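Protein chains in written order, with my numbering: chain A, 5 to 325; chain B, 5 to 325.
Please note that the accuracy of each hint is not assured.
Heads up, the list lumps identical chains together, so a pair's fine if it works in one copy or across two of them.
Mimicking BS3-like on lysine-lysine, the simulated pairs with C-alpha atoms at most 27 Å apart in a straight line are [to be verified]:
{"id": "1", "residue 1": "K247", "residue 2": "K185"}
{"id": "2", "residue 1": "K50", "residue 2": "K21"}
{"id": "3", "residue 1": "K286", "residue 2": "K247"}
{"id": "4", "residue 1": "K324", "residue 2": "K136"}
{"id": "5", "residue 1": "K97", "residue 2": "K290"}
{"id": "6", "residue 1": "K290", "residue 2": "K50"}
{"id": "7", "residue 1": "K97", "residue 2": "K46"}
{"id": "8", "residue 1": "K324", "residue 2": "K290"}
{"id": "9", "residue 1": "K46", "residue 2": "K21"}
{"id": "10", "residue 1": "K133", "residue 2": "K185"}
{"id": "11", "residue 1": "K247", "residue 2": "K50"}
{"id": "12", "residue 1": "K21", "residue 2": "K61"}
{"id": "13", "residue 1": "K59", "residue 2": "K290"}
Note that these hints are calculated values from the structure, not bench results. Values in this document were obtained by computation on a predicted structure and should not be read as measured data.
There are 2 protein chains.
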Amino acid sequence: MMDMWNVGVDIGGTTIKLAFVTDDGLFVDKWEIPTNTSENGKHIAKDISYSIHTKIKENGHSLDHVRGIGLGAPGFIEMSTGFIYQAVNIGWKDYALKEELEHETGLPVIIDNDANIAAIGEMWLGAGKGSKDLLCVTLGTGVGGGVIAGGEVVHGITGMAGEIGHITVIPEGGSPCNCGKTGCLETVSSATGIRRLALEALNSRPSLGLLQTMYEENGDISTADIFNCAKEQDALSLRIVEKATFYLGFALANISMANNPEKIVIGGGVSRAGETLLEPVKRYFKQYALPRVYEATDIVIATLGNDAGILGAAWLAKNKL
Amino acid sequence: MMDMWNVGVDIGGTTIKLAFVTDDGLFVDKWEIPTNTSENGKHIAKDISYSIHTKIKENGHSLDHVRGIGLGAPGFIEMSTGFIYQAVNIGWKDYALKEELEHETGLPVIIDNDANIAAIGEMWLGAGKGSKDLLCVTLGTGVGGGVIAGGEVVHGITGMAGEIGHITVIPEGGSPCNCGKTGCLETVSSATGIRRLALEALNSRPSLGLLQTMYEENGDISTADIFNCAKEQDALSLRIVEKATFYLGFALANISMANNPEKIVIGGGVSRAGETLLEPVKRYFKQYALPRVYEATDIVIATLGNDAGILGAAWLAKNKL
């Protein structure tokens, strides 16, 4: 008897990640194709379908043993219908992706946004394994999030649940955010935000120290530089890390007073800082959450990296189709 | 054929509210008994059992047609086991309430905390009717909350979900809260908090105006006075209402970026202020939430008053037993 396979698809602005995943969460095959954003992304469904069918043949598998496709995409998505209101990076607007992809592939399709499938992935096989009450945070260019309660993703009425990057942490006088507001968590705790805080400090009041030297030598610094220098006890870098993690710990504590998660899983580029990030985040979390909350919440680093999305998407196919 | 009845029980510090409720949410009978907190509340289960059985007989109903008991209590409760970790007002500590009450009554029992059953009540038959993504806020002595996502109460890992009164809205320099932290939402947006803000202002910089006059004449003011004077455009009262609703709108916006509710239902004594409360809360909510969130969220006043709890408890019996 052939195993049932689940197809996981994670659509990004430049590449589409695909995988065949067994019900046990094992990769049978994993590959990527480029994201063709021309003509408002109208070729993408065809590209995905062609790629999946080719790979099934290559693997000598039968379409009858493919349960269906779980898919994650960036943007505003209505999960129940698989309708994309808007995915700016891809070019879709009011696009019936689920319908289109089911038509192309002949397989059932289920869709959620990229942050939510990553959260599901970490819940299934990553740092959130075994936990049903989870908050996943991605610290990258922006700050993304996925909320899981009782083992189910919280979507909210317009699919905006988990948009924790736009929680306001500086109610007055904060920096402008891409969203049009000011003082969002994203402006101070994303990779971009942390780097901005450091550059502002480096430019406004040059000091002695590791980060300043690095900046003067290379003409630039990265978020990784800041955490590396903080690890070396560079005073300015420590100050920046304290500031970024203060706001993150504060926001996570406030979300946790509403949702009381068992685990908070932090992923994205910034999470590579590991303990240098975790220690102050936990400290500020504890400062702003009640004991019955902070004692029960484990704050950990994500473990699945770029695979979180396709695994979460495969989980959707396995459990929701 | 006899109707199936659900028993709703709402335990408070001074009275226990009870009701027989049909599957359609109609009251068959509704009554109260005093809460006997002597000997750490050990008589309460017996009192409830005796009261229910007496009323069933009085109503000429049969125990076979009572589905079971849904019950709400204040404190820290593990819903899955019906175990009370602590209910300070009642005297219970590490108390197996569900087991005890099932033993006494011979009926199946399901338990949740008082804030959650009130939220369920409003979802079933009140201001949240028809909505599956709900945030209920009670502005009374403290600030309580209940979070519902996808039609299910969010409990979190230690039942602390919905404790939004202890969301920190003033990260530095806020007033002390009963919980031991400072700057909690409860310190500025509860009835107690609003009155405190007003008294501080009245005592520190006496001004002309309606509230000041009232204070000097009566030697005291209530939260209702503040909202009444605000409605009459009293400058100080307006300032206090703006402050209290700023923090409330800000906190609700931040929770909504995580949970994206369809409705926010505001209950408790303060909610009697109606539009005088709602207008500024909505304004600040809009200031701090993204358009896709605030456009989809209806902020409304609770409609069930003191019945929300027993009705929510009856819903639990109906749907979870």
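Going down the list of hints, with the structure as the test:
no. : hint           : result
1   : K247 with K185 : both (20 Å within a copy, 20 Å between copies)
2   : K50 with K21   : within (15 Å within a copy, 61 Å between copies)
3   : K286 with K247 : within (13 Å within a copy, 30 Å between copies)
4   : K324 with K136 : both (16 Å within a copy, 19 Å between copies)
5   : K97 with K290  : between (42 Å within a copy, 25 Å between copies)
6   : K290 with K50  : neither (49 Å within a copy, 40 Å between copies)
7   : K97 with K46   : within (11 Å within a copy, 61 Å between copies)
8   : K324 with K290 : neither (36 Å within a copy, 35 Å between copies)
9   : K46 with K21   : within (18 Å within a copy, 60 Å between copies)
10  : K133 with K185 : neither (35 Å within a copy, 32 Å between copies)
11  : K247 with K50  : neither (46 Å within a copy, 55 Å between copies)
12  : K21 with K61   : within (18 Å within a copy, 66 Å between copies)
13  : K59 with K290  : neither (49 Å within a copy, 48 Å between copies)
Hint compliance for this structure: hints 6, 8, 10, 11, 13 are not met, and every other hint is.
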